[in-house]
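K.L.:
For reference, the chains in residue letters:
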Amino acid sequence: MTEYTPHLTSQAESEKREPNYLTVFGALALITLIEVTVVANLPVARVPLLLGLSAAKVLLVAMYYMHLKFQSGWFTAIFLLPIPFVVLVTLILSIALAPVAPAAGSAAAFGVCSVF
Amino acid sequence: MSSEARSSHHEAIHLPPPSIAPVLVALGALLLVIGFLLWPVLPVGLIVLLFGLWKISRAPEIPLERPSMGVNSRLLGMWVFLASEIMFFSGLIATFLGYRNRADVDVNALLNVPLMTLGTFVLLSSSFTAVMALSAIRRGKLKALRNRLLMTMGLGAAFLMIELLEWAELAGHGITTGTLYGSAFFTTTGFHGMHVIIGLVWMAFLLFRTLRADAAAGGDSPLARLFRRLANQEATALDRPNPDGLELFGLYWHFVDIVWIILFTVIYLMV
Chain A
1 MTEYTPHLTS QAESEKREPN YLTVFGALAL ITLIEVTVVA NLPVARVPLL LGLSAAKVLL
61 VAMYYMHLKF QSGWFTAIFL LPIPFVVLVT LILSIALAPV APAAGSAAAF GVCSVF
Chain B
117 MSSEARSSHH EAIHLPPPSI APVLVALGAL LLVIGFLLWP VLPVGLIVLL FGLWKISRAP
177 EIPLERPSMG VNSRLLGMWV FLASEIMFFS GLIATFLGYR NRADVDVNAL LNVPLMTLGT
237 FVLLSSSFTA VMALSAIRRG KLKALRNRLL MTMGLGAAFL MIELLEWAEL AGHGITTGTL
297 YGSAFFTTTG FHGMHVIIGL VWMAFLLFRT LRADAAAGGD SPLARLFRRL ANQEATALDR
357 PNPDGLELFG LYWHFVDIVW IILFTVIYLM V
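These protein sequence lines are chains A and B, in that order.
Residue numbering for the first sequence follows my numbering, starting at 1 and increasing by one per position.
Residue numbering for the second sequence follows my numbering, starting at 117 and increasing by one per position.
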C-alpha cells in the first residue's frame, strides 16, 4: 500500500483536530459494562439510571465520533430538532398502545386507543 | 452548450457532471425491496443497484473545500437525513414500548442479554474502527485505511450474525411476527439490522475505491496489482481517496450505533 497527499487537511492539522478516540471507546465500553453488571440489577431507580447512562453514551458518540463538538452549531441544532417529536410520539404511543384493564379503563383511555 | 462549456459551467458551481447513476441506484433499491415480495424481481434489482453503484464509483467526489453559506452542504444533507431517521426510529421504539408487555409468555426471561451485550461491544468497536479509518484517510495512510475498513466490515457482519442468533433463539421459543411483542421486536431490530446491511454495502463501496486508489497510486499489494491489471489505470487526482466521503459514511455508521445503544437499553436492560 502506498501513501498519498490527503485532499483537505495536513497531518498536523488533522491530528490537532482529532480527539482521543481510544479514550472515548474506553468510556463507552466502561459505561456499557456498568449498565449490564451493576445498574440493570439494581432494585430501585434502575430505569432513570439506565436512560441517563444511555444518554451519556449517545452524547459521547455524537460529540466525538460524529464530531458535533467540533463542527457548525447548525448540525447540533438539526440533530436536536426531532427531540420534541420523539418525546411526543413516545408519549402518545405509550398511552395509546398500553393494555387497558376493562374495569379500570377510563373512557378517555379507551377513546385514545380506538383512535389509533 | 458544448461539452467543454458544460464542464466549465459545472466546475464553476462545483457540481458533478450529469449522471444517470443515482437514478439507477434508487431504481435498483426499489426493485430490491419489491424483490423481497416477488422473488424473480430480486436479482434484477440487485444487478441494477450494483451497476448504479459501479457507475457512481467511477465519478469523482466533489471536495468540500468551498462550502456554501459557511456550512458544508454534503454534511448538512446527511444531518438532515439523520434527523429524519431519528423520527423514523422513534416511532418504532415507541411502538415497541407500547407492545412490550403484550407477550403471552415471559419474554424477558427468554432474551439473551449476555449474547447481545457481546453484540453491543462488537458494534461499539466497529464505530471505533470506522472513526480510526477516517483518521487514517486524513493522514493519507492507505494501508491503515484499508485494514480499518475491513475491520469495520468484519465487526458489522459479526454483529449481524449475533443478531440472527438471537432471532433464531427467540423464534425457537415461539416469539414470532405473529405475536404483538414479536412483531414490534422484529420490526424494530429488523430495521436496525437493515441499516447495518446498508452500511456494509456502503463500506464495500468505499473499500473498492480505496483499493482502486492504491492501484492508481502504484501500490504493490496483490490487490493493487490485480486492480491495475484489470483497469489499466493511470494515477489521477480523482483517484485520491477523499476524506469527505468517509466522513459521511462515518456519520451514518455512528448513527446506527446510537440507535443500537438505545435499543439495547430499551429491549434488553429495561426489563
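Keep in mind that the hints were calculated from the coordinates and are not lab data.
It is possible that part of the hints are untrue.
Calculated lysine-lysine pairs in the DSS-like style (CA-CA distance at most 30 Å, straight line) [what the hints assert, rightly or not]:
hint, chain 1, residue 1, chain 2, residue 2
1, B, 171, B, 259
2, A, 69, B, 171
3, B, 257, B, 171
4, A, 69, B, 257
K.L.:
A separate judgement is required for each hint: does it hold in the structure or not?
P.N.:
Hints, one by one, checked against the model:
For the hint pairing residue 171 (chain B) with residue 259 (chain B), the CA-to-CA distance comes to about 25 Å; that is within 30 Å, so the pair holds. Taken as a hint, the residue 69 (chain A) and residue 171 (chain B) pair is broken in the structure, with Cα atoms around 35 Å apart against an allowance of 30 Å. Using a Cα cut-off of 30 Å, the hinted pair residue 257 (chain B) and residue 171 (chain B) holds, with the two alpha carbons roughly 26 Å apart. Simply put, residue 69 (chain A) and residue 257 (chain B) have alpha-carbon atoms about 25 Å apart, close enough for the 30 Å limit, and the pair holds.
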